[in-house]
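Enquirer: In case you want the letters, here they are:
There are 2 protein chains.
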Amino acid sequence: MTETGPVVIVHDPTLRDGQHAIRHQLDAEQIRAYAAAADAAGVPVVEVGHGNGLGASSYQVGHSKISDEEMLSTAREVLTRSKMAALMLPGWATSDDLRNAVRHGVDVVRVAAHCTEATVTERHLGVIRELGAEAQGVLLMSHMADPDQLAEQCALMVEYGAQGVCVFDSAGHYLPQDVGARIAAITAAVDVPVAFHGHNNLGMAVANSIAAVEAGARVIDACARGFGAGAGNTQLEVLVAVLERLGHGTGIDLRLLADAADLAERVLMPTPPTIDSVSLASGLSGVFSGFKKPALAAAELAGVHPWDLFAELGRRRVTAGQEDVIPDAARDLAAQGVPR
Amino acid sequence: MTETGPVVIVHDPTLRDGQHAIRHQLDAEQIRAYAAAADAAGVPVVEVGHGNGLGASSYQVGHSKISDEEMLSTAREVLTRSKMAALMLPGWATSDDLRNAVRHGVDVVRVAAHCTEATVTERHLGVIRELGAEAQGVLLMSHMADPDQLAEQCALMVEYGAQGVCVFDSAGHYLPQDVGARIAAITAAVDVPVAFHGHNNLGMAVANSIAAVEAGARVIDACARGFGAGAGNTQLEVLVAVLERLGHGTGIDLRLLADAADLAERVLMPTPPTIDSVSLASGLSGVFSGFKKPALAAAELAGVHPWDLFAELGRRRVTAGQEDVIPDAARDLAAQGVPR
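First to last, the sequence lines map onto chains A and B. Quick note: the first sequence uses my numbering, first residue 1, plus one each step. Quick note: the second sequence uses my numbering, first residue 1, plus one each step.
Treat the hints as calculated values from the structure; they're not laboratory data. You may find that some hints are simply not true.
Which residues of chain B face chain A? A few of them, derived with a C-beta cut under 7 Å, are [to be verified]:
1. Gly-161
2. Val-242
3. Pro-270
4. Thr-274
What follows is a list of derived Cβ distance ranges for each label pair [stated by the list, open to error]:
5. A:Arg-266 with B:Arg-23: 18 to 26 Å
6. A:Arg-32 with B:Arg-23: 48 to 56 Å
7. B:Val-267 with A:Glu-29: 31 to 39 Å
8. B:Gly-303 with A:Asp-96: 46 to 54 Å
9. A:Gln-177 with B:His-63: 42 to 50 Å
10. B:Asp-96 with A:Arg-266: 42 to 50 Å
11. A:Leu-296 with B:Gly-303: 45 to 53 Å
Bear in mind that the values here come from a model prediction, so they are computed numbers and not experimental data. Heads up, the beta-carbon is just placed ideally off N, CA and C, and yes, glycines get one too.
Make a model of the complete structure from these sequences and hints.
Expert: Written out as structure tokens, the structure is:
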């Protein structure tokens with residue numbers, strides 16, 4: 001293939017986002033096998049950890065099978081060329097977790113906040129820089145902010161020390177034009193690499209990622225077979241094939257990457273993610289896909305259709321962490337006589 | 001949702017293309033259950049039959065579980081609002097099969113040919129018109145022809161009596177700009193509705209279908225959960241959600257469609273289709289996805305990597321029916337010393 005477009009750096013959170021699909025139960029052997037295969041294929045960055053990042057293993061969101069330390073040191077042993085990355089959400093992780101992560105060989109740490117709350121990333125971005133690791137800022141549920149707001153929030157994170165910024169389509173709500181407008185606004189506002197992290201709820205993860213690249217994103221997140229929360233992430237090996245077809249170099253050996261994806265399907269996942277009706281409803285409504293279980297339970301209890309409940313949650317603009325709104329919304333729908 | 005864009009007619013071949021994924025083993029109960037659910041949701045056209053169409057049940061491509069007559073009459077009993085469609089490939093089906101199909105209540109018959117061989121559709125398009133059914137012409141493996149060629153071939157089919165034309169992305173090879181250019185050329189050349197039938201090998205089936213609509217297509221094929229050959233078709237319920245989001249009416253009740261897709265996943269398929277490495281390789285190379293089994297066998301025997309074999313078959317521009325080229329290509333690769 002002739003490389004005519006800009007080079008794209010692929011960031012691979014298979015061993016972190018995929019954890020959501022299996023209640024954070026990856027063991028050391030699985031992590032070693034996939035990290036080695038991704039490294040062999042030349043994947044530039046491999047992210048490892050609990051689905052919710054450093055320090056998140058807990059009763060509330062689920063205990064990891066093995067500790068953060070064991071996950072990181074296992075991957076570190078086999079990553080010879082790939083950088084190792086970790087995610088952290090202030091509230092779950094502390095500065096101690098960051099120090100611990102860097103001690104175990106993490107090269108890149110991403111600090112994530114809700115799309116309008118970049119200010120909460122300030123302290124930890126600073127700590128990461130002090131520790132000498134690469135610091136990146138992440139905005140979650142980014143469809144809930146408009147392009148200018150996102151650009152402003154990204155600029156704040158860069159001010160705090162972020163050497164890269166990333167917008168997450170946490171609900172899988174975007175269509176390509178939505179992504180293009182946001183990435184264009186962000187790339188105009190900051191002078192660090194801009195990344196996009198897609199989910200496939202509307203079947204658009206690859207198309208959205210290409211729209212991001214066309215609008216100036218230079219880093220794209222993608223997971224083997226799309227292994228990730230809900231409908232899954234952008235499918236890594238498919239993305240790289242399409243990028244190559246469009247003339248964007250990635251430095252990845254696509255044949256070896258296909259082998260790595262085959263291995264991932266075999267050793268990491270019960271089945272690859274697909275788009276079920278609940279994922280579709282949450283993506284369409286712009287609701288956090290982690291709400292699937294409580295929403296199904298509340299819909300059942302109140303006798304309303306899950307589809308209508310997701311639409312109502314979307315209208316209420318609920319954000320991750322607002323699980324308590326779900327039963328209320330279901331009861332209100334039932335009271336309004338919305339039929340199942 | 002406000003409907004601002006043109007109305008799109010969704011053509012649903014779940015009960016025909018999905019047969020490829022299960023060796024044509026749908027029984028009457030399955031057909032009845034899904035056809036009734038699709039009808040209830042308001043899907044305008046439901047296509048039923050053997051994966052290769054009327055008269056194709058055979059040792060060579062696999063025997064259907066039940067006869068064409070039983071499939072059609074079963075679906076006919078429960079389709080109250082939806083039109084019933086059938087596919088036919090000259091060579092498999094004869095004029096007798098067409099008469100039989102219309103007698104069993106088929107409203108629409110599609111006659112399919114390789115993308116450069118529209119002339120073979122002439123006789124059967126005429127027979128369908130004589131029988132008083134709606135006649136449509138289909139071009140298979142349409143990525144192997146350029147926009148002008150496709151437009152020419154479509155115009156020929158309209159001359160023969162086609163009241164609609166459809167281009168199939170049989171290999172799942174297209175990216176949105178490829179589809180847009182072709183549909184635009186065809187809509188400029190013919191005055192009948194233009195349809196697009198996508199496969200998801202490059203994760204682009206929904207995005208490609210949207211590109212088709214934007215370029216003037218007024219009919220889009222899509223299957224519940226994408227149930228279809230190889231990596232599957234455009235996912236019906238996802239497509240309708242995205243079309244609604246973009247302001248295109250479909251006349252379909254999305255909530256009932258989601259229920260129909262849930263039923264389809266439960267009663268029709270072992271698992272919904274996903275994009276495996278072989279599907280990706282065949283999509284990228286533009287090779288007919290039905291070549292999966294013989295290609296894997298030939299690669300194994302010759303000791304070459306399936307990925308390289310698909311690339312070689314793509315370079316040789318093999319078309320459906322040229323299975324005999326596969327072992328030759330594998331042996332040639334092995335002789336050139338291409339390593340596994």
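Enquirer: Each hint: holds or not?
Expert: Outcome of the hint check:
Interface restraint check: Gly-161 (chain B) against chain A, minimum CB-CB distance 35 Å, threshold 7 Å, status violated. Here the hint on Val-242 (chain B) is kept, as its CB sits about 6 Å from the closest CB of chain A, short of 7 Å. The closest approach between the C-beta of Pro-270 (chain B) and any C-beta of chain A is roughly 10 Å, which is over the 7 Å cut-off, so the hint fails. The beta carbon of Thr-274 (chain B) comes within 4 Å of a beta carbon in chain A, closer than 7 Å, and the hint placing it at the interface holds.
In this structure, Arg-266 (chain A) and Arg-23 (chain B) meet the distance hint of 18 to 26 Å, their C-beta atoms being roughly 24 Å apart. Between Arg-32 (chain A) and Arg-23 (chain B) the beta carbon distance is about 38 Å. The supplied range of 48 to 56 Å is therefore violated. Evaluation of the 31 to 39 Å hint for Val-267 (chain B) and Glu-29 (chain A) yields a pass: the beta carbon distance comes to about 37 Å. Between Gly-303 (chain B) and Asp-96 (chain A), the C-beta spacing of about 53 Å keeps the proposed range 46 to 54 Å intact.
Taking 42 to 50 Å as the suggested C-beta distance range, the pair Gln-177 (chain A) and His-63 (chain B) conforms, at roughly 47 Å. The hinted range of 42 to 50 Å is satisfied by Asp-96 (chain B) and Arg-266 (chain A), whose Cβ atoms lie roughly 48 Å apart. In this structure, Leu-296 (chain A) and Gly-303 (chain B) meet the distance hint of 45 to 53 Å, their C-beta atoms being roughly 49 Å apart.
Hints 1, 3, 6 from the earlier list are contradicted by this structure; the remaining hints agree with it.
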